[in-house]
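Protein chains in written order, with this note's numbering: chain D, 1150 to 1266; chain R, 41 to 182.
Heads up, simulated EDC-like pairs for lysine to aspartate or glutamate below, C-alpha to C-alpha not over 16 Å straight-line:
no.: 1; chain 1: R; residue 1: Lys179; chain 2: R; residue 2: Glu113
no.: 2; chain 1: D; residue 1: Lys1236; chain 2: R; residue 2: Glu61
no.: 3; chain 1: D; residue 1: Lys1170; chain 2: D; residue 2: Glu1153
no.: 4; chain 1: R; residue 1: Lys117; chain 2: R; residue 2: Glu165
no.: 5; chain 1: R; residue 1: Lys140; chain 2: D; residue 2: Asp1181
no.: 6; chain 1: R; residue 1: Lys179; chain 2: R; residue 2: Glu161
no.: 7; chain 1: R; residue 1: Lys157; chain 2: D; residue 2: Asp1185
no.: 8; chain 1: D; residue 1: Lys1191; chain 2: R; residue 2: Glu78
no.: 9; chain 1: R; residue 1: Lys117; chain 2: R; residue 2: Asp104
no.: 10; chain 1: D; residue 1: Lys1170; chain 2: D; residue 2: Asp1154
no.: 11; chain 1: D; residue 1: Lys1223; chain 2: D; residue 2: Asp1181
no.: 12; chain 1: D; residue 1: Lys1191; chain 2: D; residue 2: Glu1173
no.: 13; chain 1: R; residue 1: Lys140; chain 2: R; residue 2: Asp55
no.: 14; chain 1: R; residue 1: Lys156; chain 2: D; residue 2: Asp1185
no.: 15; chain 1: R; residue 1: Lys46; chain 2: R; residue 2: Glu113
no.: 16; chain 1: R; residue 1: Lys177; chain 2: R; residue 2: Asp104
no.: 17; chain 1: R; residue 1: Lys71; chain 2: D; residue 2: Glu1237
no.: 18; chain 1: R; residue 1: Lys177; chain 2: R; residue 2: Asp160
no.: 19; chain 1: R; residue 1: Lys44; chain 2: R; residue 2: Asp104
no.: 20; chain 1: R; residue 1: Lys179; chain 2: R; residue 2: Glu78
no.: 21; chain 1: R; residue 1: Lys71; chain 2: D; residue 2: Glu1235
If you want a taste of the chain R side facing chain D, the calculated C-beta under 8 Å gives, among others:
no.: 22; residue: Ser63
no.: 23; residue: Arg81
no.: 24; residue: Tyr88
no.: 25; residue: Glu89
no.: 26; residue: Asn154
If you want the footprint, here are the derived chain D segments under chain R, 3+ residues with CB under 8 Å:
no.: 27; region: 1175-1183
no.: 28; region: 1186-1193
no.: 29; region: 1204-1215
Calculated from the structure, these hints are not laboratory results.
In this text, a Cβ means the ideal position worked out from N, Cα and C, and glycines have one as well.
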Amino acid sequence: MTIEDIKEILGARFIVGDEWKNREVHTACGSDMMSDVLAFMKDQSVLLTGLCNLQVIRTAEMMDIVCIVFVRGKMPEDAMIEMAREKEIALLSTGHRMFSACGLLYEKGLRGGPTYQ
Amino acid sequence: MSDKIKVFYEVPADDFTRAGEASSNLKSMLKKMGMNPETVRKVAIAMYEGEINMVIHASGGTIDVTVSQEEIEMVLKDQGPGIADIEMAMRAGYSTAPDKVRSLGFGAGMGLPNMKKYSDELKIESQVGIGTTVTMKVKIQC
Ligand SMILES: Nc1ncnc2c1ncn2[C@@H]1O[C@H](COP(=O)(O)OP(=O)(O)OP(=O)(O)O)[C@@H](O)[C@H]1O
Ligand SMILES: [Mg+2]
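Excised from the complex, chain R in its bound form (with noise of 0.2 Å):
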């Protein structure tokens, strides 16, 4: 079978309390379609990370998800200042976020190490001053 689904999503900028709508809606969606929960869990956690890091550090975005027989990809696509090194961001622990961030909650630097953990391919793209793309794949588990 090739039947694909895709679901767009808009992340809003600035929304704090709006941030993780998409990712809920997404896993909602898995969910009712009988999905393994421990696929579920993985693709809502790693969207999450990305979705609010769109949302903290960017101006938010936008995510494509495409949902095949074998995977759920997501792409998270956003025009924020970008990431100068990549490695660097990727550490556990390493965050530029400020202190406002961190009093609600996040800046732990864990967020990239998590959709790292979570998701079974990883791939950042990012060009300073243009934006950031990051794509995600999780096998589903049956």
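For reference, chain D alone in the conformation it holds in the complex (with noise of 0.2 Å):
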């Protein structure tokens, strides 16, 4: 799916990256620890958090995110814009809680990584 679905999926809106909104999402992650979302080397992954500091965007650029959506309404300050916007990661907040918008990305076909052993 693209980042354009994931927006009307999760009823959600562009802060940064409408311009990115064709670019194909192939898996996603949803966690509020950073290390978690380090542990998952995927490409062309969108992460979910409940998170909302400069690290959350600093983590995606290292794992080469291609969207990030704040759940709970959650809303990034500037300096997480201004940074998300050079690195070319497509922002998106959504009312959803947690749960329910993997849940729904998931009824839609996206699907996370593997099990953990």
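These two chains come separately, so use the hints to put the complex back together.
Here is the structure:
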């Protein structure tokens, strides 16, 4: 699915990255712990998180994550928005909570990584 | 060819918002050099975890990076409290991070396991009360 599809499914809105809305997303990861996210290396993924600080953008940058969805209506600060724009990471904000946001995307066929051993 | 590129970073203490600048800078540099994206990502993640650890567990430090034809070596040095039991610190889920750090999104106890996972070689030398030196090497894939 594309970033635009994610936006539609979650009734989200673009904070940054309207111009990258046709980029493909292959997998998803939902977490508020950044090292948990960093354990997961997959191409072209979307990160769903309730955490809202600069290190979320940094983490996405290191992982080449294409889109971050802030759940529970969280809104990033200007410094985060600026960094995301520079690194070409789309930012979305949705009113859904984590569980529902992940469930809605899963229902439409988006998948996470493999099970932990 | 024996050409080596050396880069030096200082990681400031107690500045959580600036943590990750060194890793970001190195990532951009390697990308510009046209290095394989998978290698770049491994280096970036491993160094970022180490850089964050220096900020949240120690009082910042320094990072020496050497890029050669075959590999990227990162040496992260700090003068923090040191790690008493390295084997225990390496366990997934082990963390001494206080609640304040957890609320910032760190303290899952996954940083060192990630550094091991994404590097081809990881060496940790630490002395309690003196500091920690983490050396990581990542082989360059073609
Ligand atoms: N540079 C360091 N100086 C002192 N102690 C450290 C250092 N790096 C790691 N440690 C110790 O090792 C533990 C495990 O580190 P690790 O990076 O795996 O987890 P964490 O930093 O606590 O959480 P996470 O990395 O998941 O956010 C830390 O909680 C800390 O006690
Ligand atoms: Mg850590």
